[in-house]
Amino acid sequence: MGQRIDIEHLNIFYGDFKAVEDVNLNIQSNQVTAFIGPSGCGKSTVLRTLDRMHEIIPGAHITGKVLLEGRDLYGKRVDPVAVRRDVGMVFQRANPFPTMSIRENVLAGVRLNNRKISKSDADDLVEWALRGANLWNEVKDRLNKPGVGLSGGQQQRLCIARAVAVHPQVLLMDEPCSALDPISTLAVEDLINELKHDYTIVIVTHNMQQAARIADYTAFFNLKAVGKPGHLEYFADTTTMFNNPQNEEAERYISGRFG
Amino acid sequence: MSDRRDQRLPGQSQELAVGGVADADKAMPDQARRQAVATAGGGQPNRVQPSGTDDAAPVIDFDKFKPTRSFIAARKRKDLLMRVLVFLAFLMALIPLISVLWTTLAAGIKRLNWNFLTYNMSGVIGGLQTPSGGYGGIEHAIIGTLEVTLGAMVISVPIGLMCAVYLVEYAHGGRLARAISLLVDVMSGIPSIVAGLFAFSMFSIVFGPGTINGFEGSVALSLLMIPTVVKSSEEMLRIVPGDLREAAYALGVTKQRTITKIVLRTALPGIVSGVILAIARVIGETAPLLMTAGFISSTNLNLFSGQMTTLPVYVYQEYSKLTVTCPADGGAGCVSSIPMERAWAAALTLIILVLVLNLIGRLVARVFSVKTER
Amino acid sequence: MREESDVTTEQLDQPVSGKRADAIFKGVAYACGIIILLALAAVTVFLLYRAWPIIAGDRQAKVETIESFTGGRAHNFLQFVGPLVFGTVLVAGLALLIAFFVAIGIALFITHYAPKSLASALNYIVDLLAAIPSVVYGLWGGIVLVPAIEPFWAFLAKYLGWIPIFAGPVANPARTVGTTAVVLAVMILPIITSMSRDIFAQTPRLYEEAALALGATKWEMVRLAVLPFGKSGVVSASMLGLGRALGETMAVLMILSPGLKYSVKLLQASQNQTIAANIAAQYPEANSQGVSALIGTGLVLFLITFLVNYLARRITRKQVAK
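Chains as they are written, first to last, in my numbering: chain A, -8 to 250; chain B, 1071 to 1444; chain C, 2 to 323.
No lab work stands behind these hints: they were computed from the structure. Keep in mind that this is a model prediction, so the values were computed, not measured. Each residue gets a CB set at the ideal place from its N, CA and C atoms; glycine is no exception. No incorrect hints appear here.
Calculated pairs, PhoX-like style, for lysine-lysine (alpha carbon to alpha carbon, straight line, at most 20 angstroms):
#, chain 1, residue 1, chain 2, residue 2
1, C, Lys20, B, Lys1331
2, C, Lys27, B, Lys1331
3, B, Lys1331, A, Lys107
4, C, Lys20, A, Lys67
5, C, Lys219, B, Lys1146
6, C, Lys219, B, Lys1148
7, C, Lys232, C, Lys219
8, A, Lys107, C, Lys20
What follows is a set of in silico ranges between Cβ atoms, one per label pair, in the way DEER data are often shown:
#, chain 1, residue 1, chain 2, residue 2, range
9, B, Arg1139, C, Leu161, 35 to 43 angstroms
10, B, Leu1429, C, Ala57, 49 to 57 angstroms
11, B, Leu1158, C, His76, 47 to 55 angstroms
Model the full assembly from the supplied sequences, consistent with the hints where possible.
Here you go:
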């Protein structure tokens, strides 16, 4: 089941540069929360702090708190690797492992974590994850073919299957549809709608129609000027955000007057 | 052309003069024409104000900038000349290559047979035939070369590969990493004889003077091999897309497992290919082995004790003998030019070995390469 | 649901499996990086240690050793190493001179003149040239090239003999600096060619097309766009080739008839010797003091090649940084 995330006074730095300033946000469990905003506003950066992926860049660090169901993800003794096992992530571009088959890709998370898994368990897990990603019927006859042989949309759903196979509580998606054609996008959006019954979903998107279609809540990020840190401008349920926003900047952005 | 211009610009007598000169002297040499233009133009040939308007752009007589026919012809001749020179350069590279390969093949094939490959040089007297019906062989040298090279590989592949991992995955372009990669570059230029001296000095200090064995040669060769392995592995690791690393991290995989099971696995064909090419490179090294691994005529299987002949050293030793004298009463089978024939046959073996390794290296890279797109 | 999250609560704080392997792996990688530094330091230290007797050892023994090496011509280390350095630089420099223009020509041919199919065949030929072991070049040079090139040298001496470097009498067999330099040139040709080729191939299409659009001929395009772009790369490639020629042992050992003079008579025998070949030639008969002297010369060679390579890399690195 999904878990809630609470962000308190989050500042994100790259070295000395402050990229994001003072974000306070409560992400509800088993809901879809969308991050929107102009380029460079830090929405992807905030997303990547939720599974500590931003730390891959040397010099990146934060102040403030990120709580997953009340537990501090940045606690002193918390290992980022452990965090990532609870919080899964899907990327902008589908990135199945090129050396692995479809089946091995799905099992990658479990196998790479050195957990032994019996063949029948593995079979069950593969089918469960692929069904969960609405991909099972399309690939069940070619599980041992390379994952990179699939179409773009199928690859992206394979990546979602790979992420859910490690059974996280939260799924983070960083513009998962921006490289996909409209039909594939629709398939992934349908999938997101189903997945929220089992996971808390946070999605960054450039596409406001998409946010309006799939999100329960929407957070609008903005930045005052280029070179200034980004910040959370306005957070509301999606209906309010798109129909009656109580924030001037958000209204301007949504009605297409900038960004 | 110049007629039209004359009509458009009445009263510009200078222009008329220029046009006239150009027309009349089309065939004039380039130099002379330029001079003519300069004199006729009266110092200000380029800027001509049209009558009537004051602030219009200057009208330019483009005819003056046109190259003459002779100038164009000269350019074409030069172009052709350079084409010929470049092609000649290519031919000049072919001559030594073909000559080296052909003479080695022609001179080496004569003695390159099974007997030559399966006997060593012990019991070979002058140019006389051995009891087996041959004239000695390179069995011991092949074994020596394989063992010494294997030793070098065992030392340099782990070090080189892990150094590349450090540079690409951990160092993030820090000062130490920059120093290391600069020194790797510099190290790849160490003369092979210096590598030999190094191994010789090290072993004589650590294990006492006069130490000579195959492993000493391996150490010398690995000094030459490490930089090649580092460079090629580094290149291969860098082209593994960062996306794949992120995907693995996001699944909660530790950095070590991400590197060994995703990054190295994806780069594996390229790394293997690089290692094979590095082996092909050091397998022909002679100078460092001359002073570290030494030379004996019998087969020595122990890498860690006693002298060990290698193929390149064998070639050199046979070359240095030049000829052997045959006894006056000869014996039917005595061949006085046998050392040189053995040298060529061993050289042919060496070239075949190196070329096969090269071919395998290239094939590995091509056939097993992992398609990462982008 | 509550229970499940409690379980994960504990897991977050617990040490992750593979944590220790992670640390060990990182340590090993770091150590291997350091080994590179140590190896180079070790080369210097060990050579210096073994060469020390000839630098600071007993004076009488030093003089005897050097005199026995040189037939009484030199009396101290500097007098001994001087002609060797001269010979090394002379042979390598000459080889570079010969190889340079040919290599640039081939690189241009591959990247800008040859049709595609021929270019890839050529690439393979260049790689082949690089793959042939130096001992085979030595064998070829000593047995095939020495007699073959003798008439050419004789021709040169006859008509250009008034130039000191081509002064006769021409040595027969032609085991001379000239012949050696030709073989070394063939050996460093692939190094310079392949690096120049890579640089030339990277010339931005925009520059080339701009030149062509102005009506430049092919050669003018090469001179305007390709050569200026590749200049520093070519210089660096040449220095790497020079470094290789400076350290080449076998080809010199197997071809050159040695001498220890400050001489530039390229066509006469017994004029010069290189450091590397001298080490290989005298090493088998040297006593302990003699080995020190040879290692001393090896140290000098190491420093020279180190410098040349370092400069070459500095040049390319600057280019990359731009």
